[in-house]
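Q: Below are the chains, spelled out letter by letter.
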Amino acid sequence: MENTFNNKDSSKVPPSEGFREAYTLHLADTTLILAQRNSEWCGHGPILEQDIAITNISLDLIGQARNFYQYAASLIGNTDEDKLAYLRTEREFKNLLLVEQPNGDWGQTILRQYLFSQFQYLLYQQLQNSKDEQLAAIAAKAIKETSYHLRWSSEWVIRLGDGTEESHARMLNAVDELWSYTGEMFIPAEYETISGVDYTLLKQSWTEKVNSVFSEATLIPPSGGGGAVFMQTGGKEGRHTEHLGFILTKLQYMQRAYPNSEW
Amino acid sequence: MSTNTIHKKNIYTCLEEIKDPEVPVLSIIDLGIVRDIKESEEDGIEIIITPTYTGCPAMDMIAMNIKMTMASYGYKNIKVTSVLSPAWTTDWMSEEGKRKLKEYGIAPPNPKQQVCHENLFAPNEAVQCPHCNSHHTHRISEFGSTACKALYQCDDCKEPFDYFKCH
Ligand SMILES: [Zn+2]
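Protein chains in written order, with the numbering used here: chain A, 12 to 274; chain B, 5 to 171.
I should point out that these hints are in silico values taken from the structure, not numbers from a laboratory. Glycine included, every Cβ here is placed at the ideal spot set by N, Cα and C. Don't take each hint at face value.
[To be verified] Which chain A residues stay away from chain B? Per the calculated CB distances, all over 10 Å, these:
1) 91
2) 98
3) 162
4) 163
5) 184
6) 212
7) 224
[To be verified] Some, not all, of what chain B presents toward chain A, calculated at C-beta under 8 Å:
8) 125
9) 128
10) 144
[To be verified] If you want the ones that stay clear, here's a sample from chain B, every Cβ over 10 Å from chain A, calculated:
11) 17
12) 19
13) 23
14) 43
15) 49
16) 103
17) 130
18) 135
19) 137
20) 138
21) 146
22) 149
23) 162
Sequences and hints are given; from them, build the entire structure.
A: What follows is the structure in structure tokens.
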């Protein structure tokens with residue numbers, strides 16, 4: 012299928028990665044890696060309906076990733092969506108650290124999805140008004156699916172947080188595991204200056220929403236003893252936790268072992 | 005082929021034959037995903053489609069089926085272009101499409117969608133059972149067998165059924 016934005020003669024354009032290319036790849040990598048993580052639940056979900064839900068979310072995210080990669084490929088030239096997903100190295104991936112964190116138990120997967128979907132929903136709200144028409148179109152399309160992800164994960168955070176002693180304890184543990192990876196979402200990398208996104212507003216709206224869901228879930232966001240909580244950063248610039256390498260080993264195995272194979 | 009010989013109506017008739025691989029009673033015209041038909045360079049025809057869902061795996065297959073079907077009618081140089089904006093909504097599904105869906109056992113999207121909002125734990129949307137027409141139904145899961153469906157069950161005839169959900 013050809014896309015309307017694919018109007019360059021790619022053979023004449025040398026590969027280059029400006030801010031727009033880097034930002035699009037950041038969006039693509041983030042959605043792809045979370046899709047890959049969620050897909051690890053396929054066939055292992057706690058009950059059938061929730062197994063189907065998490066893998067549906069995974070599929071939606073792969074769809075978003077494909078749109079972003081196709082657009083990035085058209086900007087960069089001389090490449091395609093598959094090369095960008097399968098043949099870039101760990102240091103070239105620009106995904107958020109949050110999405111590469113292990114699934115843990117079901118509670119941790121749910122919380123990771125919620126923290127991310129809450130962010131993604133608010134991000135797409137802004138991005139659908141972007142001056143970049145293609146990014147705006149992808150965001151406007153994807154936000155409809157994201158609203159489903161957000162509602163589903165919010166409800167589960169509340170059910171589990173305000174559930175049994177066991178589920179509450181597990182959610183507290185999940186908050187401890189994941190919280191330090193949330194700060195990065197609101198610290199723009201240099202290339203994000205082209206996004207037109209208001210990161211202060213984004214952080215403020217996200218914090219309000221998360222506080223409200225956490226309070227219903229009887230969970231408390233870490234406060235760092237009154238001071239600022241230490242936040243991990245680096246994913247947007249290709250400095251990842253030890254987990255990403257393992258994810259890519261699995262994700263890219265076929266193309267690395269059998270270069271240019273297709274099916 | 006010149007402009008004069010491209011009859012959009014004929015092309016639409018050909019496209020009626022192409023079904024959604026996941027809901028084979030619906031044609032791509034019923035679904036409302038064919039956005040435009042244009043004459044392209046070198047006497048070709050460009051068919052512009054839009055995906056229903058971002059991650060819909062059927063889209064590549066649909067694009068291929070369009071090319072094959074058009075070729076079987078003697079049309080050459082067919083280009084299928086996918087555009088995202090404006091985003092597809094279930095409102096674009098034809099009335100005929102909704103009728104076919106119900107006949108097939110899938111509850112068609114409600115005319116006035118009630119679940120496209122952020123509210124948590126909202127009451128279930130009232131969806132009519134496609135088997136016995138009862139409105140006494142409940143949602144089992146918002147995520148079903150494909151991206152476009154939610155899973156419901158009828159409280160009267162007890163049959164589970166798919167609902168083509170809000171988009
Ligand atoms: Zn019934």
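Q: All hints, please: hold or fail.
A: For each hint, the structure was consulted:
1. With a cut of 10 Å on Cβ distances, residue 91/A stays outside the contact zone with chain B, its closest approach being about 14 Å.
2. Every beta carbon of chain B lies more than 10 Å from that of residue 98/A, the smallest distance being close to 21 Å; the non-interface claim holds.
3. For residue 162/A, the condition that its CB be more than 10 Å from all CB atoms of chain B is violated, with the nearest at approximately 6 Å.
4. Residue placement check: residue 163/A does not keep its beta carbon more than 10 Å from all beta carbons of chain B (closest about 6 Å).
5. The Cβ of residue 184/A lies farther than 10 Å from every Cβ of chain B, with a closest approach of about 23 Å, so its non-interface assignment holds.
6. With 10 Å as the threshold on Cβ separation, the claim that residue 212/A sits away from chain B holds: the shortest Cβ distance comes to roughly 17 Å.
7. Under the 10 Å C-beta cut-off, the non-interface status given to residue 224/A relative to chain B is violated; the minimum distance is some 8 Å.
8. Annotation: interface hint on residue 125/B holds; nearest CB of chain A at approximately 6 Å, less than 8 Å.
9. Taken as an interface hint, residue 128/B does not check out: its beta carbon lies about 13 Å from the nearest beta carbon of chain A, beyond 8 Å.
10. With 8 Å as the threshold, the beta carbon of residue 144/B comes within range of chain A, its nearest partner Cβ sitting at about 6 Å, so the hint holds.
11. Chain A leaves residue 17/B outside its interface by the beta-carbon criterion, the shortest separation being 23 Å against a cut-off of 10 Å.
12. The Cβ of residue 19/B sits about 16 Å from the closest Cβ of chain A, beyond the 10 Å cut-off, so the non-interface label holds.
13. Every CB of chain A is more than 10 Å from the CB of residue 23/B (nearest about 18 Å), matching its label as outside the interface.
14. The claim that residue 43/B is not at the interface with chain A holds, since no C-beta of that chain comes within 10 Å of its own (minimum 16 Å).
15. Distance to chain A confirms residue 49/B as a non-interface residue, since its nearest Cβ pair spans about 13 Å, more than 10 Å.
16. For residue 103/B, the shortest C-beta to C-beta distance to chain A comes to about 24 Å, beyond the 10 Å cut-off, and the non-interface label holds.
17. Chain A leaves residue 130/B outside its interface by the beta-carbon criterion, the shortest separation being 18 Å against a cut-off of 10 Å.
18. Distance check for residue 135/B against chain A: the nearest CB is about 21 Å away, which clears 10 Å, and the non-interface claim stands.
19. Every C-beta of chain A lies more than 10 Å from that of residue 137/B, the closest at about 25 Å, which supports listing it as non-interface.
20. Remark: the non-interface label on residue 138/B is consistent with the geometry, its nearest Cβ contact in chain A lying 22 Å away (cut-off 10 Å).
21. Listed as a non-interface residue, residue 146/B fails to keep its Cβ farther than 10 Å from every Cβ of chain A; the least gap is roughly 6 Å.
22. The claim that residue 149/B is not at the interface with chain A is violated, since a C-beta of that chain comes within 10 Å of its own (minimum 7 Å).
23. In this structure residue 162/B is separated from chain A by more than 10 Å, as the shortest Cβ-Cβ distance comes to about 17 Å.
The structure is inconsistent with the numbered hints 3, 4, 7, 9, 21, 22, although it conforms to all the rest.
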